[in-house]
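Asks: Below, each chain spelled out in residue letters.
There are 2 protein chains.
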Amino acid sequence: NGNDGISIAIDDLFGLHLLFPTCFHRNLIKLSTPTKSETPITKNLLQASLSHFSTANQPPASAQAQPPGLGPTKPHDKPRVVVLGSGWAGCRLMKGLDPKLYDIVCVSPRNHMVFTPLLASTCVGTLEFRSVAEPIARIQPSISSAPGSYFFLANSTVVDTENHEVHCETVTDGTDTLDPWKFKISYDKLVIASGAQASTFGIHGVKEHAIFLREVHHAQEIRRKLLLNLMLSDVPGLPEEEKRRLLHCVVVGGGPTGVEFSGELSDFIRRDVHERYTHVKDYIHVTLIEANEILSSFDDRLRHYAIKHLTKSGVRLVRGIVKDVKPENLVLTDGSKVPYGLLVWSTGVGPSPFVNSLGLPKSPGGR
Amino acid sequence: NGNDGISIAIDDLFGLHLLFPTCFHRNLIKLSTPTKSETPITKNLLQASLSHFSTANQPPASAQAQPPGLGPTKPHDKPRVVVLGSGWAGCRLMKGLDPKLYDIVCVSPRNHMVFTPLLASTCVGTLEFRSVAEPIARIQPSISSAPGSYFFLANSTVVDTENHEVHCETVTDGTDTLDPWKFKISYDKLVIASGAQASTFGIHGVKEHAIFLREVHHAQEIRRKLLLNLMLSDVPGLPEEEKRRLLHCVVVGGGPTGVEFSGELSDFIRRDVHERYTHVKDYIHVTLIEANEILSSFDDRLRHYAIKHLTKSGVRLVRGIVKDVKPENLVLTDGSKVPYGLLVWSTGVGPSPFVNSLGLPKSPGGR
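Same order as they appear, the protein sequences are chains A and B. Taking UniProt numbering, the leading residue of the first sequence gets 1, the next gets one more, and so forth. Taking UniProt numbering, the leading residue of the second sequence gets 1, the next gets one more, and so forth.
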């Protein structure tokens, strides 16, 4: 009764979850076990109260006056490992930590790990978004259940190596009415694995008009825009040129991400667009712009193979350097204008402001 | 070669698609069939051109000067059925239309149908979003392939019954750089099935702070906010009261949608939150606010069953009328303030401005 054997699973911010079919209107249609209760409705309604908002059980003001956070561990406590970031490094480390020996605290603006090599495939539906994201609580379950282990959806702003503390601020994207909440966490061991950020080389308009391909929400945005443009380009009377612009997909950066995404896109065009968007199939094109050679860090043979394969798939390879990005076109250093409907920016990564701010020894490249 | 037997499926704006695992980096790692080509890279890159942007093939200016759109069908053409909307009525009708007898044109701001009775289940992960949405092209395939049949992602603004024309405007949400494109469609038969819209009864702040539950993106927003609040409430040092506010889920409106959603939410709390968010499980509560009786259009027995079931599940039923909605609390007509972290508004629907604007006979209630 009330437990109909259906498991509910919910995982993360991006709709990652398991699929369990449920019965139709399961809270309403259960007339096979009717209730005899004749409780008048009004009584039930009036009995309800909002008593849980009473402040009677709050800690005294003095307790709240101390700076919020997790204070230093006591001598008999397990040592606390604080991990900043939830990427490859942070997650691999947390997976290997024994929660019997350590309390694990993860601070990251993202509650899941992204399997980045397959992210490009999710943009065109080859893979589902949830297939490339793994909730941290599934990588290290103790963070959601052990008394001293936590996951905090927050950014770290300062590392105070003197006092063995990290200063953090909650992420509040989307709930703009809420000020970020600041707190401190004392650490016994600190792991800085907060990752890099996409490089724009200071080119104007990149952040505003291009989409990166580093997070699941980037892939979702690319997919949304691609489909929107496919549908918009089909409206009657749209000038030919505008149709071509809407369906011109431009990828800047010929590294693994840009090449992989261009390939996925051309596969998508040759298969799905030709089958499902037959009205506009001859208008869609992919251009990959790279300043030097594509896949420059790879072996020659592989590079030639990729070039041949991309060209054969209809991807236009253009050698050029982007100077400026405007809402509907970008300008190369040779002055040529490239109109686009979708612009994906994948020119590599550099150190984040947080990592730059750390007064610690770094690897070459500032990371 | 280039066709590795993997089907790509992509369906709609909300990430609806089939899952086909793909091989890792499939466009790159295929060294078992290396290419012998020694084409220099530069040649390939320089050969590329943006020639598809030449305007040589455009129709002459005179052709573009005529008002864009689909003109009247000719005597020997199939009659054109124009369907406004992609809800239950419009989709059921299109499904039954024979594309051999009619050209079908659907105009809707949504490229899929939503199976609304199960929408509440997607908010907490019981169901996947794609399980409650069906692409229109799958309901009536001819709209994406037949020469005279189309789906237009657009809103209809005016019905000109005199000239048998509908005036439309493309939807441009998310691509704000694009002005809406206006066009006209001549119809032989017109089906107005554009649906109703959520009622706010003119209460201030509803549109800004509450979430409706009528579209897939509403369900996504609810889920996102619920999970965000669960994570935010776990940060160290947050005052008790703020924690309770963040995790107070308030549903306004005790119709089928509100009752179903409250039930789903309490199931989610009793199962998933208790298991996966153990740190904050005692802070989360659901309140259902209704001005009259819940499920007032249903049978007494069913109503009593629902009340008993909801109460038992921990849902607080409150009889009250909302006067004002602020970012973090709402005010009832009796003056009491109800703090909330998530507010879902499901007080029924009324006619849309478009339907109001039509000078046609309507059913009682203005629809």
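Calculated from the structure, these hints are not laboratory results. Take these hints with a grain of salt, some might be off.
Copies of the same chain are indistinguishable here, so a pair counts whether it falls within one copy or spans any two.
Derived DSSO-like pairs (lysine-lysine); straight-line CA-CA distance at most 30 angstroms [as the list claims (entries may be wrong)]:
#, residue 1, residue 2
1, K74, K308
2, K189, K243
3, K362, K182
4, K362, K337
5, K184, K281
6, K312, K78
Asks: For every hint, state whether the structure bears it out.
Replies: Checked hints:
1. K74 x K308: neither (62 angstroms within a copy, 48 angstroms between copies)
2. K189 x K243: So K189 and K243 pass the 30 angstroms test across copies only (29 angstroms; inside, 56 angstroms).
3. K362 x K182: Classified as within; 27 angstroms inside a copy, 56 angstroms across copies.
4. K362 x K337: For K362 and K337, neither the intra-copy (39 angstroms) nor the inter-copy (52 angstroms) Cα distance is at most 30 angstroms.
5. K184 x K281: For K184 and K281, the Cα distance is within 30 angstroms only across copies (23 angstroms; inside one copy 55 angstroms).
6. K312 x K78: Result: close neither inside a copy nor across copies, 59 angstroms intra and 40 angstroms inter.
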